[in-house]
Amino acid sequence: MIHKTIIYLVFLSSLFAVSCKQELIGDNYETYAIVIEYDLEEKIYQDNSSILDTSLLTTSDIIASEVTEKNSHWKIQVKKDGTCRKEVIYNNKVIPPNALKQSIFDKNNVFKTVVYENNKAHYFNESGTLMYSLDTETPLEKELLAHYSKIKTSEKKQQLKNEILHSKHIEITEENYFDKDFGNISERMFYDTIAHVVIKRELYNSNNELFYKDSMSYQQYSPNQFIPYQEFSFSYLINEYNQKYIGIRKITYSNINIINNL
Amino acid sequence: MKHLIFMFFVATAYIGNAQQTHTKVNFIHGMNGNSQSLTRIHNFFINLQRSDLINSTSFVQPVYHESALGIGYTAQNIADKIFGSDPYYYETPKKIVIAHSLGGLAARKWYIDYKMSTKKDAYNGIITLNSPHLGAHIASVLTNEVTRAKFDNSVKDAIYRITEGASSDSQGLLSEFVKDPKFQIIYSGCEFLGFKALNNFTNKIFGRLLDAILQQFNASDYIISNIAGSQKVLTDLSVGSTVINEINKNDIKQTTGTYDTKVFKIAINGIEKSPQVFRMFGSSFYADSKKGSYELFNHDNDDYLLALFGKLSATFDARIQALDPSTNEWWRRKGFCAEKKAKRDAWIRSKDYLENAFHTFFLVEMGLLNISTRPNPPIFYPNDGLVTTSTQKGFPGAIPILIEETNHEEIKNSKETAYLLRAITNGSCDQLNRESPSHSAFFKLFKK
Numbered sequence: 001m002i003h004k005t006i007i008y009l010v011f012l013s014s015l016f017a018v019s020c021k022q023e024l025i026g027d028n029y030e031t032y033a034i035v036i037e038y039d040l041e042e043k044i045y046q047d048n049s050s051i052l053d054t055s056l057l058t059t060s061d062i063i064a065s066e067v068t069e070k071n072s073h074w075k076i077q078v079k080k081d082g083t084c085r086k087e088v089i090y091n092n093k094v095i096p097p098n099a100l101k102q103s104i105f106d107k108n109n110v111f112k113t114v115v116y117e118n119n120k121a122h123y124f125n126e127s128g129t130l131m132y133s134l135d136t137e138t139p140l141e142k143e144l145l146a147h148y149s150k151i152k153t154s155e156k157k158q159q160l161k162n163e164i165l166h167s168k169h170i171e172i173t174e175e176n177y178f179d180k181d182f183g184n185i186s187e188r189m190f191y192d193t194i195a196h197v198v199i200k201r202e203l204y205n206s207n208n209e210l211f212y213k214d215s216m217s218y219q220q221y222s223p224n225q226f227i228p229y230q231e232f233s234f235s236y237l238i239n240e241y242n243q244k245y246i247g248i249r250k251i252t253y254s255n256i257n258i259i260n261n262l
Numbered sequence: 001m002k003h004l005i006f007m008f009f010v011a012t013a014y015i016g017n018a019q020q021t022h023t024k025v026n027f028i029h030g031m032n033g034n035s036q037s038l039t040r041i042h043n044f045f046i047n048l049q050r051s052d053l054i055n056s057t058s059f060v061q062p063v064y065h066e067s068a069l070g071i072g073y074t075a076q077n078i079a080d081k082i083f084g085s086d087p088y089y090y091e092t093p094k095k096i097v098i099a100h101s102l103g104g105l106a107a108r109k110w111y112i113d114y115k116m117s118t119k120k121d122a123y124n125g126i127i128t129l130n131s132p133h134l135g136a137h138i139a140s141v142l143t144n145e146v147t148r149a150k151f152d153n154s155v156k157d158a159i160y161r162i163t164e165g166a167s168s169d170s171q172g173l174l175s176e177f178v179k180d181p182k183f184q185i186i187y188s189g190c191e192f193l194g195f196k197a198l199n200n201f202t203n204k205i206f207g208r209l210l211d212a213i214l215q216q217f218n219a220s221d222y223i224i225s226n227i228a229g230s231q232k233v234l235t236d237l238s239v240g241s242t243v244i245n246e247i248n249k250n251d252i253k254q255t256t257g258t259y260d261t262k263v264f265k266i267a268i269n270g271i272e273k274s275p276q277v278f279r280m281f282g283s284s285f286y287a288d289s290k291k292g293s294y295e296l297f298n299h300d301n302d303d304y305l306l307a308l309f310g311k312l313s314a315t316f317d318a319r320i321q322a323l324d325p326s327t328n329e330w331w332r333r334k335g336f337c338a339e340k341k342a343k344r345d346a347w348i349r350s351k352d353y354l355e356n357a358f359h360t361f362f363l364v365e366m367g368l369l370n371i372s373t374r375p376n377p378p379i380f381y382p383n384d385g386l387v388t389t390s391t392q393k394g395f396p397g398a399i400p401i402l403i404e405e406t407n408h409e410e411i412k413n414s415k416e417t418a419y420l421l422r423a424i425t426n427g428s429c430d431q432l433n434r435e436s437p438s439h440s441a442f443f444k445l446f447k448k
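Going line by line, the protein sequences match chains Y and D.
Start counting the first sequence at 1; every next residue gets the next number (this note's numbering).
Start counting the second sequence at 1; every next residue gets the next number (this note's numbering).
Hints are not guaranteed to be accurate.
[Claimed, not checked] Now the stretches of chain Y that chain D is said to cover, found in silico as 3 or more residues with beta-carbon under 8 Å: (1) 51-60; (2) 111-125; (3) 134-140; (4) 242-248.
Calculated from the structure, these hints are not laboratory results.
For each residue, glycine too, the CB sits at the ideal point set by N, CA and C.
Between the sequences and the hints, there should be enough to build the whole structure, so can you do that?
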């Protein structure tokens with residue numbers, strides 16, 4: 001009798017656990033107006049090639065020049081009011097053969113899935129149990145909603161392609177700013193007048209040297225068509241001889257799937 | 001006549017006492033240690049003796065000796081302390097020494113000095129725990145001007161990178177880590193880097209504080225003054241130092257039969273699993289601040305430590321997502337939002353560094369990993385979190401015995417060490433029985 005009661009209780013508690021889990025990682029497509037899914041691959045490394053005297057490099061620089069590859073799956077679900085839920089599943093890192101395996105982050109108790117919802121970030125481990133929650137900002141995705149509401153589900157990919165590849169729609173503006181950290185900045189912006197988005201942004205310092213460029217906004221509009229490429233060089237990464245290191249973060253999108261329920 | 005009879009009684013009583021104790025076991029602590037450092041192992045033997053398992057053996061209460069002024073001075077100090085508390089020490093027929101880290105090298109130096117001056121043995125058996133018999137890489141780095149400057153630069157760089165996000169965008173996110181009692185492990189690790197005021201993570205002027213620390217702080221100065229105690233001891237401990245060469249040369253003479261007596265030697269060495277260096281620093285510093293408290297550093301808490309790293313990474317990730325340009329209005333507007341962009345990039349760099357480089361950095365700096373062979377795979381040297389296993393084994397004439405998952409600090413208090421020492425003194429250590437039955441017979445202190 002006692003055994004039966006225990007088994008029943010265990011069954012009930014497992015049901016409860018499963019229901020709690022589902023509440024957080026729900027797969028309910030229908031309640032969302034737009035669902036965008038894609039795989040994201042990141043390559044991060046520090047380019048030390050401009051430095052001739054390698055004896056000046058610190059250990060951190062040598063390690064950072066190793067290419068790190070990361071793999072994640074993204075799902076962005078937007079409701080009609082613009083509130084959204086983002087889910088990121090971090091897959092096992094693709095470790096290059098010449099890099100040291102970081103066993104420090106290999107364990108199951110390190111987060112695998114992150115869910116951003118209602119200004120909270122929930123971190124789950126590999127077996128799907130909630131590890132901890134942190135406060136964060138979950139932005140309203142009204143612009144995303146407005147953009148995809150124009151596109152019919154059947155022709156979404158083709159239309160996106162046309163929209164962005166026409167270079168005549170791209171407006172290039174240049175503006176000057178003063179920033180307390182960076183000094184006089186000249187900003188060159190590439191703006192798509194059809195999609196109404198910033199395609200690319202380049203920043204030049206007072207010596208007219210390009211010190212920052214990125215094309216981040218493409219990730220949600222046409223991830224397949226352009227490979228967003230981010231490059232930065234900042235003052236802290238200057239060695240004794242005033243030589244700059246360049247940090248490179250390259251992001252590639254694949255397996256894009258857009259569901260439009262509008 | 002009465003006086004003579006009394007003298008006779010006193011003398012026989014003394015001789016009787018001396019004869020009762022056939023074996024003396026002395027405990028010698030390592031660098032920066034104290035009389036409490038090897039107390040647990042000492043107590044372990046006392047308990048075995050109380051339960052009447054061990055023959056008449058005197059387990060001498062561990063005492064403090066000076067350890068910061070070089071191996072030679074330490075050896076002299078050990079000899080003075082042992083002889084000072086026990087004038088009949090050298091007359092004891094069987095003398096065993098159990099020494100940790102630097103203590104092992106100092107004990108060997110003591111043996112040589114005593115042998116040279118009196119032709120007698122300071123001890124007949126020695127068990128060293130994680131002693132760097134061939135020197136420690138980190139000591140070599142800190143005694144060379146060029147490598148020391150590079151080490152300081154690298155540490156500054158690492159501090160800058162890991163805290164870049166927090167210093168550019170202080171959100172009080174890290175306050176919950178500081179409140180966590182077990183954050184002491186990381187806190188202690190960071191203390192090594194000079195982060196005395198880690199609570200300033202929550203402070204708005206964190207960035208300025210960090211700059212101030214970076215401008216004035218040199219990791220090598222901190223290590224020499226607060227950990228090693230002096231430059232002299234590091235010079236002695238560096239790989240291939242004059243003192244170490246002398247000790248090893250003499251030991252080779254000893255093993256090849258130049259000396260008339262044999263000393264039985266065992267070198268116990270621990271191998272640490274990931275994350276070696278943090279567990280090592282954590283246990284070292286925490287043990288210093290809370291004397292003798294090691295409960296946080298058994299391997300049951302490894303998962304917790306790893307989870308803390310994961311959580312720190314998650315905190316960085318939450319800020320990155322909150323400042324995500326693809327989902328924030330500010331990025332799509334014309335005009336450069338330098339502040340937000342810089343903040344986000346800083347968090348990204350901190351996160352990348354934490355996940356991909358921070359741990360490797362420590363391993364490289366401690367000489368436990370060699371990445372200079374790239375593009376070939378890096379060489380990883382098995383280690384105890386502070387020194388490589390190969391330098392611990394390099395002890396002429398000694399039988400090396402391995403203890404897995406035990407770091408440099410832990411070995412002096414861990415259960416595994418106690419069980420191994422029990423097996424050695426019980427004559428039930430398989431490896432010892434197999435490799436050297438004479439060692440096994442010598443170290444046997446159990447009655448049966």
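Against the structure, the hints come out as follows:
{"no.": "1", "hint": "51-60", "in the structure": "holds (count 3)"}
{"no.": "2", "hint": "111-125", "in the structure": "holds (count 5)"}
{"no.": "3", "hint": "134-140", "in the structure": "holds (count 5)"}
{"no.": "4", "hint": "242-248", "in the structure": "violated (count 1)"}
Checked against the numbered hints above, the structure breaks only hint 4 and satisfies the rest.
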